[in-house]
Structures are given as structure tokens and as C-alpha cells.
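Using the sequences and the accompanying hints, generate a full structural model.
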Amino acid sequence: MSPLSLNNLTQKQLIASCMEGDRYACKQLFDLYSAKMMAVCYRFARDRNEADDILQEGFIRVFTKLHLYSGTGSFEAWMKRVFINMAIKYRERNITKHNFSEIDNLHIIDSAPTVIEELSKEEILRVIQELPDGYRTVFNLYVLEGYSHKDIGQMLNIGESTSRSQLVKARNLLKQKLLNEIKLVS
Amino acid sequence: MNIFDRNIKKKLYDAEMPVSEGMWESIEAQIPVKKEKPKYWMLLLVMLFALPFLLYPLSKSGEQNAEMQPDSERIIDTADNSNSNNSNTNNNDSNNSTTSLDRSELAELGAEKSVTVFKTQSNSNSVPSSNTTIEDQENKNSIQTSSTKRINQQAATTISGSTKPVDNSSLGKTLNSLVSPILSEAESSGFNSSNSKKKLKFLKKPIAASTDSEGSTSSNNFKLIEKLRVFQSATTLKRATAIGNIFNENSFSLINYDRQEDIGRLLRLKKASPVCPSFQTFRSGIYFYADYRAGLVNQQLENKSNNQEIDDLITQRNRTESGALSTSINLGIGKKWNSGVLLESGLNFDAITTTLSYLQPGGTIIVIDSMPPITMDTISTSAQMVNSKNRFRQLNIPVNLGYEITLNERYSIAAKAGVLVNLSSSNSGQIVDNNGLLAYDSSDRINSLYKTNLNLSYTGGIDFLVEATQNISGYVGLSVNYYPDDFSLSTYAIRQSYYKYGMTAGLRYRL
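Chains D and X supply the protein sequences, listed in that same order. Residues in the first sequence are numbered consecutively from 1, following my numbering. Residues in the second sequence are numbered consecutively from 1, following my numbering.
Heads up, some of the hints might be wrong.
[Said to hold, decoys possible] Quick list of in silico lysine to any residue cross-link-like pairs, SDA-like style, CA-CA up to 25 Å: (1) D/Lys65 with X/Lys9; (2) X/Lys304 with X/Thr327; (3) X/Lys9 with D/Leu179; (4) X/Lys10 with D/His149; (5) D/Lys27 with X/Gln316; (6) D/Lys12 with X/Asn318; (7) D/Lys27 with X/Lys11; (8) D/Lys80 with X/Glu21; (9) D/Lys27 with D/Asn94; (10) D/Lys27 with X/Leu438; (11) D/Lys12 with X/Lys389; (12) X/Lys9 with D/Tyr90; (13) X/Lys9 with D/Gln176; (14) X/Lys11 with D/Lys65; (15) D/Lys27 with X/Ile314; (16) D/Lys150 with X/Asn2; (17) X/Lys389 with X/Thr452; (18) D/Lys27 with X/Asn387; (19) X/Lys10 with D/Glu76; (20) D/Lys27 with D/Glu92; (21) D/Lys65 with X/Ile31; (22) D/Lys65 with D/Asp31; (23) D/Lys80 with X/Lys9; (24) D/Lys27 with X/Val386; (25) D/Lys36 with D/Gly159; (26) D/Lys80 with D/Leu66; (27) D/Lys36 with D/Pro132; (28) D/Lys183 with X/Asn2; (29) D/Lys36 with D/Gln129.
[As the list claims (entries may be wrong)] Using C-beta positions, here's what the derived DEER-type ranges look like: (30) X/Asn303 with D/Leu184: 35 to 45 Å; (31) D/Ser120 with X/Thr491: 46 to 56 Å; (32) X/Ser322 with D/Asp151: 42 to 52 Å; (33) X/Lys9 with D/Arg46: 14 to 24 Å; (34) D/Gly146 with X/Ala505: 53 to 63 Å; (35) D/His67 with X/Met42: 20 to 30 Å.
Bear in mind the hints are in silico, worked out from the structure with no lab data behind them. Backbone N, C-alpha and C define an ideal beta-carbon position, used for all residues, glycine too.
Here is the structure:
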């Protein structure tokens, strides 16, 4: 369930008010979605500061591009797409190329599913953030956002096969890191 | 997507992260500033309010111009003593012929506005193109104008008709034939201003002389007279008067009030029910009115104390409350005087509506998720945007004073202003406190906050009237109401007052 449930009419009113430049409405929209969007930004960012920057730029973009929201689909999904695009652009702007580094000697770990239950959301998010840029981006887009490898390839300007291999490696590295995290916790 | 992926997705589906402090402030600073749209409607409102005050002096300017002429040119007389000023008039039977038409009789005829008779001094030298002589021999009025014999003859025919059995058909024909030469002469003698030309153009419109019946001819004559009256200017009058005293400055210039016989002519004119704006719109009378007003409300909140928290509360209330469409109904009776002054009173049912919109914090919702492979309960907090309406209803006695300007036979503009004497008021709705929690609910009678009597409020407006029938007029207009009284009790720290701007639509039935 959404942390803050709004009926469609109210949401439309809120969006309309934001489009008119109503600061109070903008603040309400920010309060409603900032925490959730922060989690999205955090997943894509390398650290907290970067996540803050993406969140800030993302919200400014949302407020200035609200008129592009058609009003038919989920507003939250539209907003999330804005933030993901912003995160990708941010990375492109600040790092000339995604670091699709190859990390070898990764062991295939099967016991990872149980690990997830033992860690909090924040801990998992932090572990995801520790992944190399390329791994993290592909993992986020494929696993958490549901994009296909084809879409990811187009978005990141890489081949589909690169996206696939990055995902496998990201998955294995993440499992390893989650197990390490468990060990540290215990 | 494998099990690991699914579990990760499930775990992070509604993940949230706290936002850094000051984030909103830095975002807010970069959001494009809302551009205030120019309030054209305010400008329009002001202009509409100013219009009657601009039109009033204009409507009076012709009269004022005439009055500003030197006394050597004319003598302004009332009907009572006008005869004494006709120094060059050969009046063999002056006592009989100067029987004045009593003012009350004129009023009865609907001609109050025309009681004052203006007469041209017959020996005036300041009227260059003519010397006017009014002859009244053996109860006959004949008017001699030296410079225009042809017109004189026609005029003499016309006027002499007043003492003989009245032949209105010939009178109508004569009037029509008189118009052209009068205007031609007026034009040729310096009648060149654009304003005058407009008036001439209007005057030149042919008036069909009907010989079908006395009534229709009278009506036509009356229309012509009306034209001259409505569009009179000092120059027009001077020229017309000089030509033969046929048309003097008075509405009923063809009718000599000094003579008893003319009463009959006036009565015939009245019987003919001429379509005359003066008779209809400036007739004194009583009318009933009913109108409906719809407008937007502007709520004014003021801190009664020096408490800073109250300022915060006002900010919170300004954020959560805004003016909404509000209506009112007026029923009453009014009186219109010939001068155009109106007085109205009756009953007014008025509503002030504002909307309340706030985020109502909800309870904690636990979602039990038993979907395999793991069981995971999620806990989330819900909040609901609440929209409701606050209403203040009042019953008032309005007392309005106004002024109505006739534009033409059908249309007029009325400006009104007055007070609403409050009989009672009630409220329904809710307001929130500093924390966005419900602070007042009108359904809770213990938590009483508002007054039940609001003393005086003020109302004003401008209406555009259209005469639909002889008795019924419809009107639309703009209205403003101001409610200066504090709606809340003295125990509540915020003073509440309201403005309401709106539109009016109504009907008026004249008795």
C-alpha cells in the first residue's frame, strides 16, 4: 500500500495546484513522495550526498514538468521514472562512462534468499549502493524497476548482452555482500 | 527474474529513506515563481462602478450648457409666470391663454420632468438668424419667424391647430416637413461639431406620419419631440427656438403649458401610449424585484492578539481554507423616482462558502502478506486528504440606494449601494489547528465559535437592465459584498471578515 493514499480526484487537484505554482501544494506533494523517491535515488546513487542531489534535481524537474504528466497512469510511477532518468543523467554528467567493471572470482551463492529476511531495508539499500556503478544501475533497473535488458541497453547506451552479464555479476556480488553483512551483524 | 530478485524487489517495494533536513527549502528556492495573473476582472469591476458617475455628468451636460447661456438670450420661466416674459407678444387674451397647467396635472400625465418651461425671449438679438414673435390672437397661437417664412407658415399651421379642433394627422405631417429645413439651416449655420453631427444624424431619421388614427399620429409626434429632448444641445435648441419657437428646450415644446387647451393634447398623447423612454423609464413608480447572486469569497483573517502562535494558526488556516462559490437571493420592493434615484429594501438570504482541504493523519495499517516463499507483514501509515465546505448563512434586510441611467428606450444601467442589516446567521463546517488537526466542528455544539448576529454588512453593484415588457425588466450585473463584522466570538483569537465578488441576475416587475 502506498504510504499516503490519495484518491484520484484529490491527487489531480494537488497536481493542478502544483502546476499553478501553489507552494503549499508543492510542499504537500513533496511530503507525500519524498521519502519514497529518496529510497529510489539512494539505490542509484553512490552515497547519501549524491542521493540528495538527485532527489533535489528530480523534484525540481517534477515541478517544472508536471504538465507532461498525462493524468491517466499512476502518478507515482511517472514520478519514479523522472527520478530514475535523473539518476542516470546525473551519473552520465558526473562520470564520463558507467563503470561496467568486471569483477572476477565471484562465487555462486544459493543461500542468499534467506539472508534478505534477516536484513533491514536500509541495510539492503546500503549494500546495493556499494555495488559498482554499472552493476548497481543494471540491477536497479532490471530487478527493482522491471525494465528489460533491451530497454536498459538503450537507456545506458550499452548492448543487451552487456546488460545481462552485468546483472548476473551484480546479483552474485550482491549475494556475497549480503552474506558478509549478515556475518558482520551477527 | 529469480527468487533472489523477487525477494529483493519485495523487500524494497515500498522502501523509504528519510530526507535530509532543508531539502524542501532548497527545492522551493528553485521552483519557478508563480506568476500573478493580472486581475483584469478587478479593473473591469472598477470601471463598471465608475461608469455611472461618468455618465451622469454627461447626461446632464446638455442641460447645463443650455443653462450656461447668457440671460440676454433666454429667460428661464416656470409655467406659472411665463406669460409675463413674453414682452413682444401680442396677446389679446392673455389672462385666458396663460392658464398654467398645474404641476400635479403634469405629474399625473407622467411629465414631471417637464414642468419647468424654458422660453426664448422674443426680442432676443443674440439669436442672429431670427427674431421670434409669438402671437396669440383670439386664443390662437401663431408663431412668426422672420428668417424662415416657409417654416413659419408651417409652424403657424401647426400651432394654430392647437386652438382649433386638433388635427393630429396634419400636425404629424407638418412636423416631419419641418425637421428637414430646421436641420438644414442648423447645419448651414455652423452646426459642425462631430457631436452635433451625430445628433443631427439621429434627428434626420424619418418619422413616418401616420394618418390612420389620432393615436398613432400623436405617437409619432411624441417620438419626434422625444428625439429633440433627449438629444438636445444648446446649439440645437437655440437654432430650433430661433426658427420659430416651435421646438423650445422643453420636452413638450410643441405644447404650450400656458394654455388650458393643451391639457387635452397631452391627454391624447398619453392615451396614444407613445413609446417614449422618458415616460417609461423615468416614470416614478414602485416595483418588486428578485435576484440571484453568485460570487467568490475572499476570507480575511486577523490576529486579535500578539501571540505568535495565532499568526501560525492564521497561516495554517489560509493554507487549508479558500473561498468558494457563494450565492445569495434577494427579494424586495423598490421605488424609482423620476430623477432616476432608486430605493430598495426587502429580504436577503446570503451564504458565504469556503472550502477546507487538509491532510488528515490516519491510523496504522498492517498488511499481512503470506505470499510464499516468505511471510512478511508490512506496516504503513495512511493519511487522507479531506475536502469539506464551511458555510455561513445569513438572513438580512437590505437597504439599497441607487441611481438609474437610461441609455435608450430599452436599456438602462443602475448602480446601487447599501447595507445588509443582519437578522440572524448560522454556520456549518470545520477548521483545523496549528498541527493540522481538527480544531472546530460546527456539529459540536459545545465548541461554539461563531456569532449568530453580524450587525451590518455592505453591498453594492451595478446592473444592466433590459425592458422586456411594459412592466417587466430583466437585469444582470456585478456585485460586491463586504462583511466587516467579526464572524467569530470575542473568545476566539482570530478575527474573520469576508469580501464577496459576484454576478447578479434578476427580474423587476413594475406596478
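Verification of the supplied hints:
1. Annotation: proposed proximity of D/Lys65 to X/Lys9 is violated, straight-line Cα distance about 28 Å (limit 25 Å).
2. Our distance criterion of 25 Å between C-alpha atoms is broken by X/Lys304 and X/Thr327, whose separation comes to about 29 Å.
3. About 18 Å separates the Cα atoms of X/Lys9 and D/Leu179, which keeps this hinted pair within 25 Å; it holds.
4. Simply put, X/Lys10 and D/His149 have alpha-carbon atoms about 20 Å apart, close enough for the 25 Å limit, and the pair holds.
5. Distance hint between D/Lys27 and X/Gln316 is fulfilled; the C-alpha atoms sit about 13 Å from each other, no more than 25 Å.
6. Between D/Lys12 and X/Asn318 the alpha-carbon distance is near 21 Å, which keeps this suggested pair within the 25 Å criterion.
7. For the given pair, D/Lys27 sits about 28 Å from X/Lys11 by alpha-carbon distance, which is inconsistent with the 25 Å threshold.
8. Between D/Lys80 and X/Glu21 the alpha-carbon distance is near 21 Å, which keeps this suggested pair within the 25 Å criterion.
9. Straight-line distance between C-alpha atoms of D/Lys27 and D/Asn94 comes to about 29 Å, which puts the hinted pair past the 25 Å bound.
10. For the proposed pair D/Lys27 and X/Leu438, the alpha carbon gap of about 20 Å is at most 25 Å, so the pair holds.
11. Restraint check for D/Lys12 and X/Lys389: satisfied, since their Cα atoms lie roughly 19 Å apart, inside the 25 Å limit.
12. As the CA atoms of X/Lys9 and D/Tyr90 are separated by approximately 24 Å, the hinted pair is consistent with the 25 Å bound.
13. Taking the CA atoms of X/Lys9 and D/Gln176, the gap is near 17 Å; set against the 25 Å cutoff, the hint holds.
14. At roughly 31 Å between alpha-carbon atoms, X/Lys11 and D/Lys65 are farther apart than 25 Å, so this suggested pair is violated.
15. As the CA atoms of D/Lys27 and X/Ile314 are separated by approximately 18 Å, the hinted pair is consistent with the 25 Å bound.
16. Annotation: proposed proximity of D/Lys150 to X/Asn2 holds, straight-line Cα distance about 18 Å (limit 25 Å).
17. A C-alpha spacing of about 19 Å is found between X/Lys389 and X/Thr452, which places the hinted pair at or below 25 Å, so the restraint holds.
18. A threshold of 25 Å between alpha carbons decides the hint, and for D/Lys27 with X/Asn387 the separation of about 18 Å falls inside it, so the pair holds.
19. Under the criterion of a C-alpha separation no larger than 25 Å, the hint pairing X/Lys10 with D/Glu76 is consistent with the structure, at around 17 Å.
20. Proposed proximity of D/Lys27 and D/Glu92 is contradicted: the alpha carbons are some 29 Å apart, above 25 Å.
21. Distance restraint check for D/Lys65 and X/Ile31: the Cα-Cα separation of roughly 11 Å lies within the 25 Å cut-off, and the hinted pair is therefore satisfied.
22. A threshold of 25 Å between alpha carbons decides the hint, and for D/Lys65 with D/Asp31 the separation of about 18 Å falls inside it, so the pair holds.
23. Note on D/Lys80 and X/Lys9: the hinted pairing holds, with a Cα-Cα distance of about 15 Å set against a maximum of 25 Å.
24. Among the hinted pairs, D/Lys27 with X/Val386 is consistent with the structure: their alpha-carbon atoms are about 17 Å apart, no more than 25 Å.
25. For the suggested pair D/Lys36 and D/Gly159, the alpha carbons sit about 30 Å apart, so the restraint of at most 25 Å is broken.
26. Straight-line distance between C-alpha atoms of D/Lys80 and D/Leu66 comes to about 13 Å, which keeps the hinted pair within the 25 Å bound.
27. Distance check on the hinted pair: D/Lys36 and D/Pro132 sit about 23 Å apart at the alpha-carbon level, within 25 Å; holds.
28. With a CA separation close to 24 Å, the supplied pair D/Lys183 and X/Asn2 stays within the 25 Å bound.
29. Proposed proximity of D/Lys36 and D/Gln129 is supported: the alpha carbons are some 16 Å apart, at most 25 Å.
30. For X/Asn303 and D/Leu184, the hinted distance range of 35 to 45 Å is not satisfied, since their beta carbons lie about 56 Å from each other.
31. Under the hint 46 to 56 Å, the C-beta atoms of D/Ser120 and X/Thr491, about 50 Å apart, fit the expected range.
32. One distance hint, 42 to 52 Å for the beta-carbon pair X/Ser322 and D/Asp151, holds here, with the actual separation near 43 Å.
33. At about 22 Å, the beta-carbon gap between X/Lys9 and D/Arg46 stays in the expected band of 14 to 24 Å.
34. For D/Gly146 and X/Ala505, the hinted distance range of 53 to 63 Å is satisfied, since their beta carbons lie about 56 Å from each other.
35. For D/His67 paired with X/Met42, a C-beta distance near 27 Å keeps the hint of 20 to 30 Å intact.
Violation of the numbered hints given earlier is confined to hints 1, 2, 7, 9, 14, 20, 25, 30; the remaining hints are satisfied by the structure.
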